[in-house]
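In order, the protein sequence lines correspond to chains L, P, H and C. 21 is the number of the first residue of the first sequence in the numbering used here; add one for each residue after it. 21 is the number of the first residue of the second sequence in the numbering used here; add one for each residue after it. 756 is the number of the first residue of the third sequence in the numbering used here; add one for each residue after it. 756 is the number of the first residue of the fourth sequence in the numbering used here; add one for each residue after it.
Hints listed in this document are in silico derivations from the structure and should not be mistaken for laboratory results. Computed from a predicted structure; not experimentally measured. Misleading hints may appear alongside valid ones.
[To be verified] Below, in silico cross-link-like pairs of lysine-lysine (DSS-like), each with a Cα-Cα straight-line distance of 27 Å or less:
| # | chain 1 | residue 1 | chain 2 | residue 2 |
| --- | --- | --- | --- | --- |
| 1 | L | Lys158 | P | Lys96 |
| 2 | L | Lys96 | C | Lys1015 |
| 3 | P | Lys96 | P | Lys158 |
| 4 | P | Lys96 | H | Lys1015 |
| 5 | C | Lys1015 | L | Lys100 |
| 6 | H | Lys1015 | P | Lys100 |
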Amino acid sequence: MTGADLSVQIGNLILNNPVMPASGTFSEPLAEFIHLNDLGALVTKSITLDVREGNSSPRLAETPAGLLNAIGIPSKGVQKFIAETLPFYAALTVPLIPSISADTGDDFARLASILEKQSVVRGLEVNISCPNLEDDGKSFAMDAEQTYRVIRKVRQATSLPVWAKLSPNTQSVVEVALAAQTAGADAVVVANTLLAMAIDVETRRPKLGNVTGGLSGPAIKPIILRMVYQVAKAVSIPIIGVGGIRSAQDALEYLMAGATAIQVGTYNFVNPRGMVDVIAGMQDYLQRHGCSSVREIIGAALSPLTGAEEKQKTAG
Amino acid sequence: MTGADLSVQIGNLILNNPVMPASGTFSEPLAEFIHLNDLGALVTKSITLDVREGNSSPRLAETPAGLLNAIGIPSKGVQKFIAETLPFYAALTVPLIPSISADTGDDFARLASILEKQSVVRGLEVNISCPNLEDDGKSFAMDAEQTYRVIRKVRQATSLPVWAKLSPNTQSVVEVALAAQTAGADAVVVANTLLAMAIDVETRRPKLGNVTGGLSGPAIKPIILRMVYQVAKAVSIPIIGVGGIRSAQDALEYLMAGATAIQVGTYNFVNPRGMVDVIAGMQDYLQRHGCSSVREIIGAALSPLTGAEEKQKTAG
Amino acid sequence: MSQRTEVRRAIEVERQAIDVRQAIGVVVSNDWVNDRYKHMTVCVPGLAQVSQPGQFFHLLCGVASAGPLLRRPMSVYKMDPLRNEIHFLYHVKGEGTQLLAQRQGGDPLDLVGPLGQGFTLNSRWHRVLVVARGVGMATLAPLVAVARRREMAVDVILSARTPRDILGAREFAAMGAHVFPVTDEDGSSDLATLQSRVEALVDQGQTDALFTCGSARLTRMLRDVAIRRGLPGQVAVEEHMACGIGMCQGCTRVFRRDGKDVHLRVCQEGPVFPLEEVVYP
Amino acid sequence: MSQRTEVRRAIEVERQAIDVRQAIGVVVSNDWVNDRYKHMTVCVPGLAQVSQPGQFFHLLCGVASAGPLLRRPMSVYKMDPLRNEIHFLYHVKGEGTQLLAQRQGGDPLDLVGPLGQGFTLNSRWHRVLVVARGVGMATLAPLVAVARRREMAVDVILSARTPRDILGAREFAAMGAHVFPVTDEDGSSDLATLQSRVEALVDQGQTDALFTCGSARLTRMLRDVAIRRGLPGQVAVEEHMACGIGMCQGCTRVFRRDGKDVHLRVCQEGPVFPLEEVVYP
Ligand SMILES: Cc1cc2nc3c(=O)[nH]c(=O)nc-3n(C[C@H](O)[C@H](O)[C@H](O)COP(=O)(O)OP(=O)(O)OC[C@H]3O[C@@H](n4cnc5c(N)ncnc54)[C@H](O)[C@@H]3O)c2cc1C
Ligand SMILES: Cc1cc2nc3c(=O)[nH]c(=O)nc-3n(C[C@H](O)[C@H](O)[C@H](O)COP(=O)(O)OP(=O)(O)OC[C@H]3O[C@@H](n4cnc5c(N)ncnc54)[C@H](O)[C@@H]3O)c2cc1C
Ligand SMILES: Cc1cc2nc3c(=O)[nH]c(=O)nc-3n(C[C@H](O)[C@H](O)[C@H](O)COP(=O)(O)O)c2cc1C
Ligand SMILES: Cc1cc2nc3c(=O)[nH]c(=O)nc-3n(C[C@H](O)[C@H](O)[C@H](O)COP(=O)(O)O)c2cc1C
Ligand code: FES
Ligand code: FES
Chain L
21 MTGADLSVQI GNLILNNPVM PASGTFSEPL AEFIHLNDLG ALVTKSITLD
71 VREGNSSPRL AETPAGLLNA IGIPSKGVQK FIAETLPFYA ALTVPLIPSI
121 SADTGDDFAR LASILEKQSV VRGLEVNISC PNLEDDGKSF AMDAEQTYRV
171 IRKVRQATSL PVWAKLSPNT QSVVEVALAA QTAGADAVVV ANTLLAMAID
221 VETRRPKLGN VTGGLSGPAI KPIILRMVYQ VAKAVSIPII GVGGIRSAQD
271 ALEYLMAGAT AIQVGTYNFV NPRGMVDVIA GMQDYLQRHG CSSVREIIGA
321 ALSPLTGAEE KQKTAG
Chain P
21 MTGADLSVQI GNLILNNPVM PASGTFSEPL AEFIHLNDLG ALVTKSITLD
71 VREGNSSPRL AETPAGLLNA IGIPSKGVQK FIAETLPFYA ALTVPLIPSI
121 SADTGDDFAR LASILEKQSV VRGLEVNISC PNLEDDGKSF AMDAEQTYRV
171 IRKVRQATSL PVWAKLSPNT QSVVEVALAA QTAGADAVVV ANTLLAMAID
221 VETRRPKLGN VTGGLSGPAI KPIILRMVYQ VAKAVSIPII GVGGIRSAQD
271 ALEYLMAGAT AIQVGTYNFV NPRGMVDVIA GMQDYLQRHG CSSVREIIGA
321 ALSPLTGAEE KQKTAG
Chain H
756 MSQRTEVRRA IEVERQAIDV RQAIGVVVSN DWVNDRYKHM TVCVPGLAQV
806 SQPGQFFHLL CGVASAGPLL RRPMSVYKMD PLRNEIHFLY HVKGEGTQLL
856 AQRQGGDPLD LVGPLGQGFT LNSRWHRVLV VARGVGMATL APLVAVARRR
906 EMAVDVILSA RTPRDILGAR EFAAMGAHVF PVTDEDGSSD LATLQSRVEA
956 LVDQGQTDAL FTCGSARLTR MLRDVAIRRG LPGQVAVEEH MACGIGMCQG
1006 CTRVFRRDGK DVHLRVCQEG PVFPLEEVVY P
Chain C
756 MSQRTEVRRA IEVERQAIDV RQAIGVVVSN DWVNDRYKHM TVCVPGLAQV
806 SQPGQFFHLL CGVASAGPLL RRPMSVYKMD PLRNEIHFLY HVKGEGTQLL
856 AQRQGGDPLD LVGPLGQGFT LNSRWHRVLV VARGVGMATL APLVAVARRR
906 EMAVDVILSA RTPRDILGAR EFAAMGAHVF PVTDEDGSSD LATLQSRVEA
956 LVDQGQTDAL FTCGSARLTR MLRDVAIRRG LPGQVAVEEH MACGIGMCQG
1006 CTRVFRRDGK DVHLRVCQEG PVFPLEEVVY P
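Go ahead and model the full structure; you've got the sequences and the hints to work with.
Next comes the structure, spelled out in structure tokens:
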């Protein structure tokens, strides 16, 4: 038998399946472990206009079911990225979505218009949510107006699909998502890492060189899943869910909460073949449940209970 | 040898040690496992003016290193609480801090003035942060103005020490903490649970009867620790840290981040003797490090690095 | 237990020594009984003596911080006071029970218990009927043992998917109980068929009380039979638990008690409840 | 490897079959060598053949989702291509290595590797000096073995807290290396004393290159000696890792390369670096 149809559409981009790596958790060496063309899309580490070194070490600390990182945005600059990194992706068929990062809306727009000229680039993820760049973890995506302003500039600078990557450190993720939608984003990516920290009790110092960092991994999944669910009830553009996914089951929870596609981050570090396992597990679930397309389950948990289900639920 | 001095002061209340149970994670049956008088204080489950049933089941779901709960605030009402519950605590020497919950500032004030008349009550924890009561998890503590308004009313209604329990679901925890301080709170409790959810992929329905719930446990520790650190740099009143503590080491991280005392929540469910173990581990750490008082380490991670430490750190 | 008594008892406990209900036992054996269930024997001084049929223990399945955060509730399957042993029979299902299944003889096991209110056997009863589905048999086994020791006649209906999945038939027969296996395979476990069976047994055998555990469908059927025949009955209810000791209010369910719908804690007011208090909308 | 070559190689890999660098091995043995270190042997086809001294594997210490989230890096301590075996020698320290220590013969082990750039031995060298502290000896052991197989003379200084903590003295001697144990107990491991020792060995024995691993203090001392004596040297560096395969940029450190301070990934550009590139402010 042929499997269920895994393809999904985000703006005018059709993905073979809804699984892709999260920005900063994937790069070329993964090709030694899986066929990259098996994925739905590829999102790169965020790149900047200029060369940046990133934060001082230590950059990592492990927490219960989580990873705390303060990598920052080390970047070779967009010109070197075009010259040295893009050729690798030109040889692939899977759509490439560079993630871009900048300190101002104008620099975001500049990056967008530079990258638009590269035929291998099929869309842009706009990282307005990195918690490490500015004071005390503030970022554009903590505020609906800032988000509108930056996404609007990017929208005007390019005709490429634009994905806005949101922050979970705001209390108004729904308003921010709506602002991104109004500004013309083709999708919202929910979400980046949660601002967090750890202290070494022997030295009595923060464990990270940068003091605070971003928390990722299974620990944050219930929080981000809730945000996807809330955003899904409000926006009409597709949502890409990202946070703590390490199994097909996790990915399916996101789809049922209303995400059209998902990204796998930290789990790529634990299991380099993880994304391929997630795709296989998704296919398996759909076949077991007699679904012909993954699209049948998107948003399934959003609809109110039917009478019959209600009965079954309480009786079960 | 005699141990280090574990006592700390919060407002005009002196606690024998900085360890107490978090609201809703402790009640009378714990007396069958530990001597309650060994603790620094006792905080009760939040109580309301009237009788409430709480949320419909299921009320619990386990997540990676976390617990998702949507208990709500089942309450026998303050009158029955006084008649049936307070006598138990009257027989103890450890200070009792009822947690109070209400839908309006006036009801909070009413609760405060009712409880103030009970001599066994030594302070009040004002739960302005429960994510389950109102729409989409909103709560007073998500907003500095609302926080000021409610805490002010409570402050005017009682001369008891007032602890404001803050929410981690706000992006402005520092402003909210400052508002509580300005309103006259004697301490801020940082923080309640993070709004989250989980979906059962077989039924395609939210796992909790209430759809969303509050995430607690080790998973959230790095996030709440960061908030304590940020709040500690801003306020002058004591902070009580709460989130994911399950060892003396976790508790020490909070103290070093600037908390004067800590609460243990979910871990009481895992290890009924957990709080006593935390106290013992703290004592052990202080002796090993030649500290004569726990107060020596409060805020230790807040001060900038000294030159010598900087050197040691990078060379190590 | 009334509120007042509870308060008095707790104060007493606080004043005196602390109960030893959190203990580290030592695994004696942990063997497969079929391809899904394991039987674990744990040696732990003093606890078998105070455990009642229907009570449960709260087990830490992982080691240190590795494994699921919460404990897992498991009924006492057998208590052996002479050897200081508690037995569990469990379905190897998810993360917790899979870790439990890895324990070997000599390994430590952190357990809290016995917890909750167990079954009660009225001394005037002469014949009781027990209906168990699958691993629910683990919860009911010590009840059957005690009833037989008190020389009550016991009818046990054991329901499972296939004859191979039927657990305890020999064990119960050896205690002198009358065992009636029913299976999905031959349709005899079908709810309507089972109900006729139960009613026939009740009618012919002067049954004094009904007992069951776990399954919602069975419980509802038995509750209806009990009400129609005017018989008392008890059911051991399962609910997801965090603390297991009455603190978190996470395990509550709605029961009908004293004419009112009330939230009761399965871990504290239960897990055993009168059949007629069970509410299934 | 230049950027261009790296790109070309990756494209090639993508087009052809995928490397088998993520594998499930089977634990052959896992024994204590003293009260803090364990020696694990893992059978896994094809990987011993391609492993180089100084490379490492990234090990999943827990089982399924129980255990720490991240893998743990461990140097290859010995490779046995004939038996398809990889050996690890590890310090049982925190959560990850404690879980590793629980593995028994026959248990599976999920490993990614070999990873990183190992040591290089120039064929014109005749005598090398290796300085190892504690479990760092595990990383340096295969280097000593290969050097001896190529008939180089090898001096090994083994530093530890007490004579009982000295590991590998017999093993290295059996390979024909000259072993010099030093300890904290008799003060011979003291940095100044050790430096004189190293300089004396370098001066008398026509040492061609220096090797070490891990310890910051030792590395700095050796770097200084190497620079003063104009000798090449290599060090295996340790840094906290997430991915281990060059993706996360979490393991970077500042090194001095081509006259500039650059962030390099310990897992990808290392873990072995030229001694003179190491920067300790
Ligand atoms: C009072 C009581 C007595 C029990 N006695 C037995 C027994 O003797 N033998 C036996 O095999 N099982 C018994 N159970 C069920 C047993 O607790 C669950 O099967 C077990 O918790 C599953 O854990 P897991 O991690 O393997 O499964 P998972 O499915 O991974 O568990 C996921 C979560 O669901 C909870 N959960 C899953 N199933 C149940 C359930 N039925 N009841 C409560 N929580 C559940 C777990 O605690 C956990 O939080 C009993 C349950 C209760 C409440
Ligand atoms: C390339 C490389 C090779 C290594 N080879 C060996 C070896 O052969 N034998 C051996 O005993 N040890 C070796 N180590 C160190 C080993 O990886 C750590 O001791 C181990 O990760 C500790 O894990 P834990 O969970 O037991 O300890 P914990 O202290 O609980 O670990 C906590 C966290 O710190 C990290 N961590 C702790 N110490 C180190 C360290 N020194 N380097 C990197 N991360 C660390 C862990 O990965 C984890 O994230 C090597 C390290 C590296 C980088
Ligand atoms: C090491 C690391 C680096 C990251 N770098 C970036 C980045 O450059 N840009 C970005 O938008 N997100 C970055 N992220 C966030 C991830 O893309 C993702 O949003 C987050 O890790 C949550 O997903 P996870 O729980 O599956 O890891 C990074 C995460 C990690 C762990
Ligand atoms: C089951 C449960 C019930 C809770 N009930 C309350 C409550 O009534 N009032 C309150 O302020 N916080 C309540 N909390 C939040 C805790 O007091 C605490 O802030 C939170 O659990 C974080 O701490 P922890 O990670 O140590 O559990 C509850 C938490 C849990 C798990
Ligand atoms: S499980 Fe906590 S009250 Fe029952
Ligand atoms: S550990 Fe990820 S780049 Fe080195």
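Out of the numbered hints, which ones does the structure contradict?
Those not satisfied come down to hint 1.
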